[in-house]
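J.: Listed below, chain by chain, are the residues.
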Amino acid sequence: MTLEMDGLGAHEIAAAVRSGRLSAVAAAQAALTRIEAHNGRLNAYRQVLAERALREAAAVDAEVAAGRDPGPLAGVPYGVKDLFDVTGLATAAGSKIGAERAPATADAVLVSRLRAAGAVLLGVQTMDEYGYGFTTENAHYGAVHNPHDLARSAGGSSGGSAAAVAAGLGAFSLGSDTNGSIRVPSSFCGIFGLKPTFGRLPRTGSFPFVFDLDHLGPFARSAEDLALVYDVLQGHDAADHACAPRPAEPVSGQLSGTTPLRVAVLDGWFHDMAGEAARAAVAAVAEALGARVSATLAGAETARSAAFLITAASGANLHRANLRARPGDFDPATRGRLLAGGLLPADAVLQAQRLRRRFYDEAMAAFGRFDLLLAPATPCPAPLLGQGSIVIGGREMPARPNLGVLSQPLSAIGLPVLTVPIRMGGALPIGVQLIAAPWREDIVFQAAARLQAAGVTSAPVVTPCA
Amino acid sequence: MPGDEAEETVRVLAREYGVTIQAEHLGEVAAAWRLMAPHLDRVRAADLGPELEPASLFRP
Chain V
1 MTLEMDGLGA HEIAAAVRSG RLSAVAAAQA ALTRIEAHNG RLNAYRQVLA
51 ERALREAAAV DAEVAAGRDP GPLAGVPYGV KDLFDVTGLA TAAGSKIGAE
101 RAPATADAVL VSRLRAAGAV LLGVQTMDEY GYGFTTENAH YGAVHNPHDL
151 ARSAGGSSGG SAAAVAAGLG AFSLGSDTNG SIRVPSSFCG IFGLKPTFGR
201 LPRTGSFPFV FDLDHLGPFA RSAEDLALVY DVLQGHDAAD HACAPRPAEP
251 VSGQLSGTTP LRVAVLDGWF HDMAGEAARA AVAAVAEALG ARVSATLAGA
301 ETARSAAFLI TAASGANLHR ANLRARPGDF DPATRGRLLA GGLLPADAVL
351 QAQRLRRRFY DEAMAAFGRF DLLLAPATPC PAPLLGQGSI VIGGREMPAR
401 PNLGVLSQPL SAIGLPVLTV PIRMGGALPI GVQLIAAPWR EDIVFQAAAR
451 LQAAGVTSAP VVTPCA
Chain P
1 MPGDEAEETV RVLAREYGVT IQAEHLGEVA AAWRLMAPHL DRVRAADLGP
51 ELEPASLFRP
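In the order they appear, the protein sequences are chains V and P. The opening position of the first sequence corresponds to residue 1 in the numbering used here, with each subsequent residue numbered one higher. The opening position of the second sequence corresponds to residue 1 in the numbering used here, with each subsequent residue numbered one higher.
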């Protein structure tokens, strides 16, 4: 029996494969066919792993045939950002230099967990070089095009991962978020994205950017799918020193929870740096969740600046040897920023670390009064590829480094954030950040599920037009 | 910050910190420095009490 594959979500595919109504090989072939049809226009995948995908899918089908349960993500096709180790591939992390590394000898921990759950890896996805960007315009591997409008950016640095999910080139993706690299592409591509609490998911086997700020997380087209994938990913791994020794705390069974939530809309910086579409999106979410009050997180702008400096210094340190030996092999968009980061005085970076603490305390005081905070994910919808500037708060500023003005303060303090897509009146999508206290991913998921049930948010597959 | 001032700042800092910057990349680094300078000023201007520990504090 065949199923119409286009648009099927992860939980639907898994249920069909586990019940025998759909073979994992058929699901993988359908995904590979769709990639072949559309990846040329999107450039979402840097490298497609058809052989591995079909091999993994065949293994899933063999499990089903033998009467064994292949796992909660049985046969679900997915892709990963180009910074996850995949056995036999050099982990390029969007760079020319990285592509010359020795091939990975093992999958990243999160990729291993997905394989164990029956998911089928389709390939590695295009990103900004070393994660240092918000638009995925990569000098080595090309730009990722937004499925909603091919002339526009898919966001970054996990642009390929988001575009793939939005266009149905896989049911979900894995990305990373240091300053907004899951939330910005989720917003621009109109899909759901989760940046969990810092330390929730192990980063073992992924290429780093900023040790203090790197988070890994999933993209999907529904709250249910996002929850299903997130639950599979959870669990401590001692090899990542930042990974918290917490047990898994599944959220899939809590999506229909009816506990009243105290919700507030963030004002100040999160209002002033948002354009009209962003504010309208937040207003729609606030109304649906019954939020009638606002909350202020004082110091958001300074926290963002703190994250900016920490990122610059960390990136410079990480790439110091190659910046000295072979600067010409870097993407010009990242080279200058990495070199400049190496010029920062140490006391300023330490000051930035202390400012993170201060902003964290401010946020925790707010969570004493509220369960959930709302803010736009990006100041505006997706800009055009190559667009040099955007206007935010009445000021014209460079586009590429400033698309994360609203995401950066929150990742600086490791709060869990789920971005939900909002489309109003046929316009381009834009995301809203659902923000909770540390370790309260259950709250952001419940809110996302409520919004979905109310018809306020959805992420149907987008077929890119020629 | 004007472009030539940024370039001079970058040259001086690179010399002080032993950071190698090729001549053809100086403009890029100066542009990045101009982008970063307001963030540096903002962070430096913050008045923090001694009770505020860094968020990166290591605990064995």
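Please keep in mind that the hints were generated in silico from the structure rather than gathered at the bench. Be careful, since some hints might not be right.
[Stated by the list, open to error] Pair ranges (Cβ atoms, derived):
(1) P:R59 <-> V:G455: 29 to 37 Å
(2) P:R59 <-> V:R101: 27 to 35 Å
(3) V:R41 <-> P:D4: 40 to 48 Å
(4) V:Q47 <-> P:D4: 19 to 27 Å
Glycine is no exception: its CB is placed at the ideal position from the N, C-alpha and C atoms.
J.: Against this structure, judge whether each hint is valid.
T.: Hint check:
no.: 1; hint: P:R59 <-> V:G455: 29 to 37 Å; in the structure: 46 Å, violated
no.: 2; hint: P:R59 <-> V:R101: 27 to 35 Å; in the structure: 32 Å, holds
no.: 3; hint: V:R41 <-> P:D4: 40 to 48 Å; in the structure: 43 Å, holds
no.: 4; hint: V:Q47 <-> P:D4: 19 to 27 Å; in the structure: 43 Å, violated
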